[in-house]
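Enquirer: Chains as they are written, first to last, in the numbering used here: chain A, 1 to 301; chain B, 1 to 301; chain C, 1 to 301; chain D, 1 to 301.
Mixed in with the good hints, there may be bad ones.
A pair holds if it fits inside one copy or across any two, identical chains being indistinguishable in the list.
Unchecked claim - DSS-like mimics (lysine-lysine), calculated; alpha carbons at most 27 Å apart, straight line:
1) 161 to 145
2) 107 to 5
3) 16 to 281
4) 73 to 40
5) 221 to 74
6) 74 to 20
7) 199 to 211
8) 73 to 211
9) 16 to 40
10) 93 to 5
11) 11 to 71
12) 8 to 161
13) 199 to 144
14) 211 to 144
15) 281 to 74
16) 73 to 8
17) 8 to 20
18) 74 to 16
19) 48 to 8
20) 5 to 16
21) 281 to 107
22) 93 to 71
23) 197 to 145
24) 134 to 144
No lab work stands behind these hints, which were simulated from the structure alone.
Protein chains: 4
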Amino acid sequence: MEEIKDIKIEKSITVKELTKQLASSGFQAQNLGAAIEILKEARENNAKTFLSFTSNMAASGLRGIFIDLIKNKKVDVIVTSSGSIDEDLIRSKMPYLQGSFEADDIKLGEQGINRMGNIFVPNDRYEFLDEEVKIILERIHARKKDMTASELLKEVGLEWKHEDSFIVQAAKNGVEVFCPGITDGSFGMQLTFFKGKNKDFRIDLLTDFQKIIDVASTNEKKCGIILGGGISKHHTIISTLMGGGFDYAVYVNSNSPYRGSLSSATTEEAKSWGKISSDAKSVTIHGDAAIVFPLLIASLD
Amino acid sequence: MEEIKDIKIEKSITVKELTKQLASSGFQAQNLGAAIEILKEARENNAKTFLSFTSNMAASGLRGIFIDLIKNKKVDVIVTSSGSIDEDLIRSKMPYLQGSFEADDIKLGEQGINRMGNIFVPNDRYEFLDEEVKIILERIHARKKDMTASELLKEVGLEWKHEDSFIVQAAKNGVEVFCPGITDGSFGMQLTFFKGKNKDFRIDLLTDFQKIIDVASTNEKKCGIILGGGISKHHTIISTLMGGGFDYAVYVNSNSPYRGSLSSATTEEAKSWGKISSDAKSVTIHGDAAIVFPLLIASLD
Amino acid sequence: MEEIKDIKIEKSITVKELTKQLASSGFQAQNLGAAIEILKEARENNAKTFLSFTSNMAASGLRGIFIDLIKNKKVDVIVTSSGSIDEDLIRSKMPYLQGSFEADDIKLGEQGINRMGNIFVPNDRYEFLDEEVKIILERIHARKKDMTASELLKEVGLEWKHEDSFIVQAAKNGVEVFCPGITDGSFGMQLTFFKGKNKDFRIDLLTDFQKIIDVASTNEKKCGIILGGGISKHHTIISTLMGGGFDYAVYVNSNSPYRGSLSSATTEEAKSWGKISSDAKSVTIHGDAAIVFPLLIASLD
Amino acid sequence: MEEIKDIKIEKSITVKELTKQLASSGFQAQNLGAAIEILKEARENNAKTFLSFTSNMAASGLRGIFIDLIKNKKVDVIVTSSGSIDEDLIRSKMPYLQGSFEADDIKLGEQGINRMGNIFVPNDRYEFLDEEVKIILERIHARKKDMTASELLKEVGLEWKHEDSFIVQAAKNGVEVFCPGITDGSFGMQLTFFKGKNKDFRIDLLTDFQKIIDVASTNEKKCGIILGGGISKHHTIISTLMGGGFDYAVYVNSNSPYRGSLSSATTEEAKSWGKISSDAKSVTIHGDAAIVFPLLIASLD
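Next up, chain A with everything else stripped away, as it sits in the complex (with noise of 0.2 Å):
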């Protein structure tokens, strides 16, 4: 067995440093450092990489390590619930602002301003939304009626104006965004709205889950890192089911597993259903992605 050691910090230490000093730290700084070990071994072997994540990380500066994963080709398939949608078109144009957990929720409604944990938007951000998709679906509608969530999200990424976004990089190099849930966000209302007005506008969902498990049921190795829970983190995990699970898999969760409940399940729960492969490598960390998530990915290179 390996040894904890104590960690040193040297003026100006750098993020791979210290992180090479926390996995042998203990704790979830141990766990951190599996994680890391495990993500550069998938990359190593060219592991096809899937990413998932919740919506309020869309919200939040993780947004940048999701753009700049896409346009270096770090990760092939993203999976994301339909929040990540609002946040990121929004904020390709328009910020988000710092606010507090302790403010008053009824004063921030009386003003006009939406709160995600310590992260306010005000109103004017889900406005321009729905003007900007309200536009944007008239132009794809003219030319395909019928698509799956993952080919409107394509489309969506091509005619957006603004290039700082997720979905326009992941458009422009090729890698698939599913959403199985699309339809709960501003974005899923808007889609919502049109079909109203335009009863040939049609979302296929089910055709989309097929196509995730085509991919996921691939020979070559793959790769999960799943950020948070929800409706993304087990799509993404079934996805591989059928093709026998992930060979690499990182989960980055601060909920207990003690509910019971697929959100909070670790990395070890996945063996059973074969979500993971049984010889995987594979680690949980009980942790913050907002803090955790940019430590990992400033480790790799």
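Since chain A is already given, all that's left is putting chains B, C and D on it; use the hints.
Expert: Quick look at chains B, C and D alone, frame taken from chain A:
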């Protein structure tokens, strides 16, 4: 201000007698007491009641309570995740098993047992589901090709032979079941495979979102009981946005609101968005629905 | 393996009837059921019972249950933190108040109200405590200068005029109260000030540790009920180390075991140390003592 | 209000460059950024700095940072739990080992290995500690019979032969180490056994409380860095109560504040008590000290 009072446990104390005391005991016991008062008032005012839960809860004994609430017309709308359909249909015929959180997941996998916290689900359960769903989809498809997810779930409820099911009881009792992420599970996988063979088979989620928005845009008082997080939580509350938000809301959730995720957001945060009305009576119980929800329901009658 | 069974809530259901059902419901409800069986068996075998709790619990309604357990000779040893002495002595005379987690703490401070979660404690409570403790220490000191913390707490219990107190009832019923961190609170501060004026006043904690080790080094069966974490948890379990560890143990704790702290460690982890016997019957309820403990106790008789 | 900004990870990014970006990323990354600014200002104003931590942290790599902070005169007062003394003294000579959270605890027990999360501690470590402490206590007792816990720890630090220890470095560098629950661990057990043989051996905790109150009742600015909960957290903040509370305070804690325990209470709650001054700069990082604390310290120079 009311006083904190010591709890006195008499022999054969009823749940109702105990929770009345918990209300003045402090911490989450106090929040539980507040929730009971909110739900009582909602019932007295005939509030339209939305119940949202996650699939692990359908795998647990809570499902019995969901079924009775539906039979007794105590809820009007159900919003849940796709896994709930799996667990409900299977358990109407084949039981799940009491397991352990500490089991060896690789051994379980070898034995064909899937672990969901401390609930074990042998593979034959899913095989049963797959077979039955195939048959039912054929029957439904024979008469209907294009429908919303909630229409499909109603059809399934009418076709399913085993009565001990919330899907069946909802269909029989006129309770709408919404499932915005319907593909994301075993039932969803069968939908996908069926779609592969039957191109004219269509599940429309866009129109379903309009439908729940319409249901929630009522002049009646609205009450939300939101157990756990995920897409079912968010979909329930976003649906009320245009109708002015919930007038009564109880969340039961054990995650930390300090991650900024919707799954862990409090009833207060929802007021900044208008998903809960600014003058609503609402409370978040930071606790475990597996224990808290039975206490809540047993305290209402 | 036993089956997972649906819960059925009958009108006027008793706590005992409900928890019997929770035992086969899954997740922490299942763990609660296991804990009830363990404590029943411990009682049947007349196990010597150690109860450990944190000071916030003494500030809540749980204190009433602690008092009754002592009066009814259902516990033999109490281990708690210093704050519990404060809350117990104050509340024997002056009530704490129901507050709110969301209160403005700076305003509360200006109003002379101290917040403990959603329990409010006006400053006059502590002023009352300070005055009363000063008087009592004078009386005790007149007859005894050097004593262990548990001896001191016994003296306090015999001197205190207000009967509705676990300190008083423990003194009267021969239940030892250990408080290894006795200085760390308002009562402790008065001890310190008294020591400043009376150099011959001595509280011996070293001998108290020997005393609890002796109590725990018995041929009788030993049962530990450990609510929350902190020094009271660790002190309880380390005390049994030389006596072979607990034969029955129930932890109720809501923290994540993935930080590696003793406060959040499970009953399993304790078996590696021998603080719980390797063949003990034990379970960790990953839940909230404010709600779980009343259910547990109400299910025993 | 400041904008939320996307994170950009450059090759060989330093920790300081990353945390500067995290500050405008949202959620706990934002709180981490706020904490860095608070600690920078505290250092610029030469605030007297109190550092509190739990024993699991002394078992991990964080101990290296504690030692360096002491050597570099960046902290003035340490408050910790008794276990920290054990881990520190042992690790100055014998390493702890990297283990796993999922290990079989009964097997570990049979192998003589104690588990602390994913850190393994073989029995011989505690045997070493017991032997060494016996010898040292004899030497100290030969010259001093009655002392406070902090005086004892200073004596131990001066006697201990292995320099790589925070106890040793604190003694050499004039940093006070307070341990209000000093009996509660292996070192504490040796104190107890020694007391059994030497009735004139006395550890005075009452006077130590006065000492830390005096240290905290200063006209200088005061800064509290509170890692984790337990008695070390509470003792640190109660000590400042008479001196007006902390002027700067950073908590790092991963427990839910909704249980009402002091261990999980926020910096805001402390302001209602005056343990943190109402105009203090303070923040709670709802996160894991094992990862957060190294980031914090590496961002200060």
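Enquirer: Does each hint fit the structure? Answer for all of them.
Expert: Results for each hint:
1. Taking the shortest Cα distances, residue 161 and residue 145 sit within 27 Å of each other inside one copy (22 Å), while across copies they are farther apart (37 Å).
2. For a Cα distance limit of 27 Å, the shortest separation of residue 107 from residue 5 across copies, 25 Å, qualifies, whereas the shortest one inside one copy, 49 Å, does not.
3. For the identical chains of this complex, residue 16 and residue 281 are intra-copy neighbours only, at 21 Å inside a copy versus 31 Å across copies, given an alpha-carbon limit of 27 Å.
4. Proximity of residue 73 and residue 40 under a CA criterion of 27 Å is satisfied intra-copy only: 15 Å inside one chain copy versus 38 Å between copies.
5. With identical chains, the CA atoms of residue 221 and residue 74 are at most 27 Å apart within one copy only, with a shortest distance of 14 Å there and 48 Å across copies.
6. Within a single copy, residue 74 and residue 20 get their C-alpha atoms as close as 21 Å, and across copies as close as 24 Å, so both meet the 27 Å cut-off.
7. Within a single copy, residue 199 and residue 211 get their C-alpha atoms as close as 25 Å, and across copies as close as 15 Å, so both meet the 27 Å cut-off.
8. Taking CA atoms no more than 27 Å apart as the test, residue 73 paired with residue 211 passes inside one copy only; the shortest distance there is 20 Å, against 40 Å between copies.
9. Taking the shortest Cα distances, residue 16 and residue 40 sit within 27 Å of each other both inside one copy (12 Å) and across copies (23 Å).
10. For a Cα distance limit of 27 Å, the shortest separation of residue 93 from residue 5 across copies, 12 Å, qualifies, whereas the shortest one inside one copy, 46 Å, does not.
11. Taking the shortest alpha-carbon separations for residue 11 and residue 71, only the inter-copy value of 15 Å comes in at or below 27 Å, while the best intra-copy value is 32 Å.
12. In this assembly of identical chains, the alpha carbons of residue 8 and residue 161 lie at most 27 Å apart only when taken from different copies (21 Å versus 47 Å within one copy).
13. For the identical chains of this complex, residue 199 and residue 144 are neighbours both inside a copy (13 Å) and across copies (17 Å), given an alpha-carbon limit of 27 Å.
14. In this assembly of identical chains, residue 211 and residue 144 lie within 27 Å of each other by CA distance both inside one copy and across copies; the values are 19 Å within and 25 Å between.
15. Proximity of residue 281 to residue 74 under the C-alpha cut-off of 27 Å is restricted to the intra-copy arrangement: shortest distance 19 Å within a copy versus 40 Å between copies.
16. Proximity of residue 73 to residue 8 under the C-alpha cut-off of 27 Å is restricted to the inter-copy arrangement: shortest distance 16 Å between copies versus 34 Å within a copy.
17. For the homomeric pair residue 8 and residue 20, the shortest alpha-carbon distances inside one copy (11 Å) and between copies (21 Å) are both at most 27 Å.
18. Within a single copy, residue 74 and residue 16 get their C-alpha atoms as close as 18 Å, and across copies as close as 25 Å, so both meet the 27 Å cut-off.
19. Taking CA atoms no more than 27 Å apart as the test, residue 48 paired with residue 8 passes between copies only; the shortest distance there is 23 Å, against 36 Å inside one copy.
20. For the homomeric pair residue 5 and residue 16, the shortest alpha-carbon distances inside one copy (16 Å) and between copies (22 Å) are both at most 27 Å.
21. Taking the shortest Cα distances, residue 281 and residue 107 sit within 27 Å of each other only across copies (16 Å), while inside one copy they are farther apart (48 Å).
22. For the identical chains of this complex, residue 93 and residue 71 are intra-copy neighbours only, at 19 Å inside a copy versus 49 Å across copies, given an alpha-carbon limit of 27 Å.
23. Both within a single protomer and between protomers do residue 197 and residue 145 lie at most 27 Å apart by alpha-carbon distance, with minima of 13 Å and 21 Å respectively.
24. In this assembly of identical chains, residue 134 and residue 144 lie within 27 Å of each other by CA distance solely inside one copy; the values are 15 Å within and 31 Å between copies.
Violated hints for the displayed structure: none, as all numbered hints are satisfied.
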